[in-house]
Amino acid sequence: MVDQAELRWRIRRDLTSLLVENALAGNGITRQAERHLVPWLKLACETLDSPMSIDGLEDVAAQWRERRRPYMLAAADRADVIIVDPIPRQRGTLWWKLVHGEEPPPPL
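Read in order, the letters of the sequence shown are residues 164 to 271 in our numbering.
Any given hint might turn out to be false.
Taking CB as the label site, the calculated pair distances span [stated by the list, open to error]:
no. : residue 1 : residue 2 : range
1   : 180       : 254       : 23 to 29 Å
2   : 250       : 190       : 25 to 31 Å
3   : 252       : 180       : 20 to 26 Å
4   : 213       : 256       : 23 to 29 Å
5   : 234       : 254       : 30 to 36 Å
6   : 226       : 192       : 26 to 32 Å
7   : 257       : 216       : 30 to 36 Å
8   : 243       : 270       : 18 to 24 Å
9   : 262       : 210       : 24 to 30 Å
I should point out that these hints are in silico values taken from the structure, not numbers from a laboratory. Please read all numbers here as calculations on a predicted model, not as lab measurements. Where is the CB? At the ideal position from N, CA and C, for every residue including glycine.
When you get a sec, could you build the whole thing from the sequences and use the hints?
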């Protein structure tokens with residue numbers, strides 16, 4: 164079960180993974196993903212920066228599952244999510260941000 168913050172983090176993680184993988188040792192699949200999937204991932208991240216309804220989040224998650232399927236073979240289950248209302252989280256400390264980046268802190 165994920166809320167909007169974690170969904171945004173997971174999509175950004177896919178985006179970062181694709182860009183780094185393609186920069187380091189890109190192959191045909193990652194280059195194709197950079198042309199077809201990366202623009203959608205960037206747009207989804209921008210969309211998820213604003214509050215959305217549960218239905219809207221479920222639509223984004225469904226599109227994400229379908230669009231990433233041909234390209235993201237490792238960690239395929241990362242997109243199998245159930246959307247829930249915002250989970251109360253404590254604010255990330257400086258240590259948390261240094262270690263985990265933009266990953267949302269665990270629920271309280």
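Status of each hint after checking the structure:
no.: 1; hint: 180 / 254: 23 to 29 Å; in the structure: 26 Å, holds
no.: 2; hint: 250 / 190: 25 to 31 Å; in the structure: 37 Å, violated
no.: 3; hint: 252 / 180: 20 to 26 Å; in the structure: 23 Å, holds
no.: 4; hint: 213 / 256: 23 to 29 Å; in the structure: 25 Å, holds
no.: 5; hint: 234 / 254: 30 to 36 Å; in the structure: 34 Å, holds
no.: 6; hint: 226 / 192: 26 to 32 Å; in the structure: 20 Å, violated
no.: 7; hint: 257 / 216: 30 to 36 Å; in the structure: 32 Å, holds
no.: 8; hint: 243 / 270: 18 to 24 Å; in the structure: 19 Å, holds
no.: 9; hint: 262 / 210: 24 to 30 Å; in the structure: 27 Å, holds
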